[in-house]
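S.K.: These protein sequences, in sequence, are chains A and B. Quick note on the working numbering: the first sequence kicks off at 1 and runs consecutively. Quick note on the working numbering: the second sequence kicks off at 1 and runs consecutively.
These are calculated hints, taken from the structure and not from any lab test. Honestly, I wouldn't trust all of these hints.
So the derived list for chain A, only partly shown, Cβ under 10 Å to chain B, looks like this [to be verified]:
id	residue
1	Ile32
2	Phe60
3	Ile106
4	Leu119
5	Thr127
6	Ser140
7	Gly145
8	Lys157
9	Ile194
A quick note: this is a predicted structure, and the numbers were derived from the prediction, not measured. Even glycine gets a Cβ: it sits at the ideal position worked out from N, Cα and C.
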Amino acid sequence: MTSLTARGRGSAPLSPRPRAARRASRLRESLIGWGFLAPNLTLMAIFLFLPILWALQLSFQDSRGFGSPEWVGLKNYAKLVSDPVFWQSFGNTIAFTILTVPITMIGGLCLAVLMNSVLPARGVFRTVIVLPMVISGVASGMIAGIIFYQSNGIINKVLSAVGLYPVAWQSDGLPALISVVIVAIWLRIGFNMIIYLAGLQRIEPQLYEAARIDGASRWQQLRSITVPLVGPSTFFLLIMNVIASFQVFDLIFVMTGGGPGNSTSVLVTYAYRNGFQIREQGYGAAIGIVILIITLLFTFVQWKTSRTRDQAG
Amino acid sequence: MTQTVAIPNKLATTMSGDREPRRKSRSSAAAIGDRKGIVWRSIIAIVVAIIMVFPLYWMVVVAFSPRGEAFEPTLRFWPSAWTTENFQRVFELYPVATWFGNSVVIGLFITFLTVVVNLLAGYAFARLRFRGRNVLFLLTLATMMIPVQAIMVAQFRLVSDLGIYGSYWGVILPGAAAAFGIFLARQFFIGIPDEIIEAAKIDGSGQIRIFLQVVLPLSKPLIAVLILLTLMGSWNDFAWPLIALNDNQLFTLPIGLLYLQNQTAPNYNATMALALISVLPMVALFLSFQRYFVQGFARSGIR
Numbered sequence: 001m002t003s004l005t006a007r008g009r010g011s012a013p014l015s016p017r018p019r020a021a022r023r024a025s026r027l028r029e030s031l032i033g034w035g036f037l038a039p040n041l042t043l044m045a046i047f048l049f050l051p052i053l054w055a056l057q058l059s060f061q062d063s064r065g066f067g068s069p070e071w072v073g074l075k076n077y078a079k080l081v082s083d084p085v086f087w088q089s090f091g092n093t094i095a096f097t098i099l100t101v102p103i104t105m106i107g108g109l110c111l112a113v114l115m116n117s118v119l120p121a122r123g124v125f126r127t128v129i130v131l132p133m134v135i136s137g138v139a140s141g142m143i144a145g146i147i148f149y150q151s152n153g154i155i156n157k158v159l160s161a162v163g164l165y166p167v168a169w170q171s172d173g174l175p176a177l178i179s180v181v182i183v184a185i186w187l188r189i190g191f192n193m194i195i196y197l198a199g200l201q202r203i204e205p206q207l208y209e210a211a212r213i214d215g216a217s218r219w220q221q222l223r224s225i226t227v228p229l230v231g232p233s234t235f236f237l238l239i240m241n242v243i244a245s246f247q248v249f250d251l252i253f254v255m256t257g258g259g260p261g262n263s264t265s266v267l268v269t270y271a272y273r274n275g276f277q278i279r280e281q282g283y284g285a286a287i288g289i290v291i292l293i294i295t296l297l298f299t300f301v302q303w304k305t306s307r308t309r310d311q312a313g
Numbered sequence: 001m002t003q004t005v006a007i008p009n010k011l012a013t014t015m016s017g018d019r020e021p022r023r024k025s026r027s028s029a030a031a032i033g034d035r036k037g038i039v040w041r042s043i044i045a046i047v048v049a050i051i052m053v054f055p056l057y058w059m060v061v062v063a064f065s066p067r068g069e070a071f072e073p074t075l076r077f078w079p080s081a082w083t084t085e086n087f088q089r090v091f092e093l094y095p096v097a098t099w100f101g102n103s104v105v106i107g108l109f110i111t112f113l114t115v116v117v118n119l120l121a122g123y124a125f126a127r128l129r130f131r132g133r134n135v136l137f138l139l140t141l142a143t144m145m146i147p148v149q150a151i152m153v154a155q156f157r158l159v160s161d162l163g164i165y166g167s168y169w170g171v172i173l174p175g176a177a178a179a180f181g182i183f184l185a186r187q188f189f190i191g192i193p194d195e196i197i198e199a200a201k202i203d204g205s206g207q208i209r210i211f212l213q214v215v216l217p218l219s220k221p222l223i224a225v226l227i228l229l230t231l232m233g234s235w236n237d238f239a240w241p242l243i244a245l246n247d248n249q250l251f252t253l254p255i256g257l258l259y260l261q262n263q264t265a266p267n268y269n270a271t272m273a274l275a276l277i278s279v280l281p282m283v284a285l286f287l288s289f290q291r292y293f294v295q296g297f298a299r300s301g302i303r
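Kindly generate the complete structure, drawing on both the sequences and the hints.
M.R.: Set out below in structure tokens:
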């Protein structure tokens, strides 16, 4: 059927031999393609896809430690719905995201505007702002733990010295969360600046020139030229920052361990706690599946929009 | 081939950064306003820089302070006496050299494996036509953002079943399944002009030869970015090594750091000394190859 229509449509009917040759060459190219992909596919299949399926299976089981697992259907998910700590962790994750993402992005944009203007030693400043990106989450968390230390840490000493009250960074829930937020912003603002800087450098200088001739103030220029024209960067950063905030682990694990109480527990640390500290692995896997679904949703949005971003810059 | 092809553009332009800010002829009043602006901007920049550097500065101060001084009631921004006792202590009490070596070995293996895998896969996605390519690409994309915490329980069991739990390989193999480099590579390879590859095809080279002898030599900037970012990622990685390593002789530096902190009587000065040791190699790499790092961050969305 297909060969008939193909021949009918083609202006010069091809003899079977070259077609076979062509098919062979296409097959060979396919083989080469798969060959190039084989190492990647093997690793992904074994260490990602297999564990995902396994996690799904585990999430339907009641398996404490290494005892023989028992199929319990949706029990883990039902437990999840009625587990206050899960919801608290969920709420903390969202609070953490809402606190970090806008500040990091606005701060990143401001720094990018600053670094894109006339400024002495710009290179040095830029280096310093990007530098925290190469510091591990663990080291950052430990340094922060010392800086924010409640009894006589440097921040509380400074606060006392200027006549303010020291803050209960470790024993009070909200300050604990805020301390983690501050460190996360410190770690990530450089990335936001880099992306915005790249976005800014694609804006035509003439636009600002024209706006200035029309008497637009700096603020008006920022609002009506800069912010709209870095829109694609903003969207990209929004997704990246939300995903990063959703997955914050190292900092919280090291700085607060989810405490005091559960006031800084987030989804990923709660999944770890269940999987490896309480050793309710089925339940931990179920939380993992929830994280997985949320992450895939965000990734899907990012993918849907990444093309527009690439086109825009 | 002595063509100096301008392919790296896609990567390189992102962060050439130093495009001179526009400055046309101005009236003198505007120039004065501008000078005032520079002063203000410099002040803001200095304040920001101090905030950004302070935590690192404080790590150094605590690492070189006499034990316990950081938490004395007196406010000090400088050690009363610089001492290396914390470093001596940390080396005496813990297998720091071993941990450092583990980080290096694991980092090099992960980097080598990942970069090879990423280059091959990136090239296939960018330049080879085959059935299933788009589906596979989407699949790879989808996995990129999955945090290890989502599947760590199953991954832990898998690694146990494979008999590589508590070994280097238990960290290395799952670590090499990272996909972010594939996108970087793909973007770069798409940017290589068709003519170069067509010319090689006409010369009768097969795909494998083209990849090895034509494409790879043109890809040094890409390879540099991949190596640096992958090395940094594995050097700083925490969650998975935390799960996969149980023997303190196999710890990497981040896990060693946690081990120090979890001692019954934690010595914060020693912890900062080790933190400094663990951070220095990456800071040195970053300062030496900043351009590549920044390009990589910008193109891959690594945060």
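S.K.: Taking the hints in turn, state whether each one holds.
M.R.: Now for the hints, and whether the structure bears them out:
1. Ile32: 5 Å, holds
2. Phe60: Violated. Min distance 12 Å.
3. Ile106: 14 Å, violated
4. Leu119: Where the cut-off is 10 Å and the nearest Cβ of chain B is about 5 Å from Leu119 (chain A), the hint holds.
5. Thr127: 6 Å, holds
6. Ser140: OK, holds: Ser140 (chain A) within 10 Å of chain B, min 7 Å.
7. Gly145: 8 Å, holds
8. Lys157: Interface hint status for Lys157 (chain A): holds (4 Å vs cutoff 10 Å).
9. Ile194: OK, holds: Ile194 (chain A) within 10 Å of chain B, min 5 Å.
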